[in-house]
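Trainee: Sequence:
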Amino acid sequence: MRRLLWVVMLFVPVVLMGCSNGVYNVPKEQYRSMVKTLGVLPLMVDGGSEIHHPEARQVIDLLSRVNRGKEDSLVELLRQKKAYFDVRPVTGDPSALLRRIAVSRKAAGDEDGGYTYRFQPAAVAELARTTVSDALLVVVFNGAERQERRWDRTKINYLDAACDSILVSAAVVLPTGEVVWEYRSPLGEPFLNLQYPDFDEAHYNKSDQVALKYITLPGLERALTEPDEGWFGQTEVPVVYHQLFKELASGLKPGLLNPFSNGNAE
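In this note's numbering, the protein residues as written are 71 to 336.
Hints are all accurate, no fakes.
In silico EDC-like links for lysine to aspartate or glutamate, alpha-carbon gap of 16 Å or less:
| id | residue 1 | residue 2 |
| --- | --- | --- |
| 1 | Lys316 | Glu146 |
| 2 | Lys283 | Glu125 |
| 3 | Lys323 | Glu146 |
| 4 | Lys176 | Glu252 |
| 5 | Lys140 | Asp298 |
| 6 | Lys140 | Glu296 |
Simulated DEER-style distance windows between Cβ atoms:
| id | residue 1 | residue 2 | range |
| --- | --- | --- | --- |
| 7 | Tyr94 | His273 | 42 to 48 Å |
| 8 | Ala166 | His122 | 22 to 28 Å |
| 9 | Arg188 | Arg292 | 32 to 38 Å |
| 10 | Ala178 | Glu146 | 28 to 34 Å |
Keep in mind that the hints were calculated from the coordinates and are not lab data. Every residue, glycine too, gets a C-beta built ideally from N, C-alpha and C.
All chains should be built: construct the whole structure from the sequences, respecting the hints.
Mentor: The following block contains the structure:
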């Protein structure tokens with residue numbers, strides 16, 4: 071049981087925290103000169119990560135199933151940004167590809183939580199060679215527990231607690247294994263909540279103790295497949311994926327390539 075915190079919100083300032091669009095580990099000019107053709111791997115699920123859901127195996131299977139083919143929309147969105155000579159899909163079995171290229175995972179030590187990955191240079195180089203890509207974009211979904219603030223439906227009451235979530239780790243990896251750009255789900259913005267605080271139970275029991283409960287598999291599937299009703303009508307990509315892909319594409323835009331520069335970046 072966790073203790074409920076009550077707050078009266080007279081006003082809510084909008085504060086943007088974290089690096090929701092990722093971080094470059096090299097100067098953008100250097101990135102542009104090195105990565106003109108980007109290969110995008112299928113979306114991967116790290117089944118060995120920290121997923122405490124009572125039906126963890128089914129959660130992994132659900133994510134893997136719903137992920138299938140979604141990278142095509144990410145490829146198209148990246149192409150629309152016109153920041154690369156080409157963006158091309160890399161085909162293959164997601165689980166096998168992750169085992170092939172990832173050497174290890176490491177729990178991140180900051181408040182954003184989740185994992186960072188080290189990559190096998192030889193495997194990355196071979197994939198880059200066969201797809202004629204300068205670098206590979208790797209997107210991994212992983213389970214993690216991190217301290218979060220969860221609000222009730224009224225946006226008046228909240229609970230601070232360690233919550234189980236599905237987060238996303240993404241990286242642009244050179245054939246040397248070097249990570250030149252990386253992204254992790256920012257604090258307060260998990261890709262998928264696995265738990266929810268039962269404020270109604272606390273209310274009707276006249277208690278200030280709020281229990282965290284796991285969302286059912288049907289509920290998780292509905293969250294993963296909810297259509298995105300935007301300004302211009304419904305998109306083909308579910309809302310959680312559309313939001314993620316917009317963040318990744320926004321972060322992976324180091325600047326437009328100059329078509330008259332004989333292959334050199336601006």
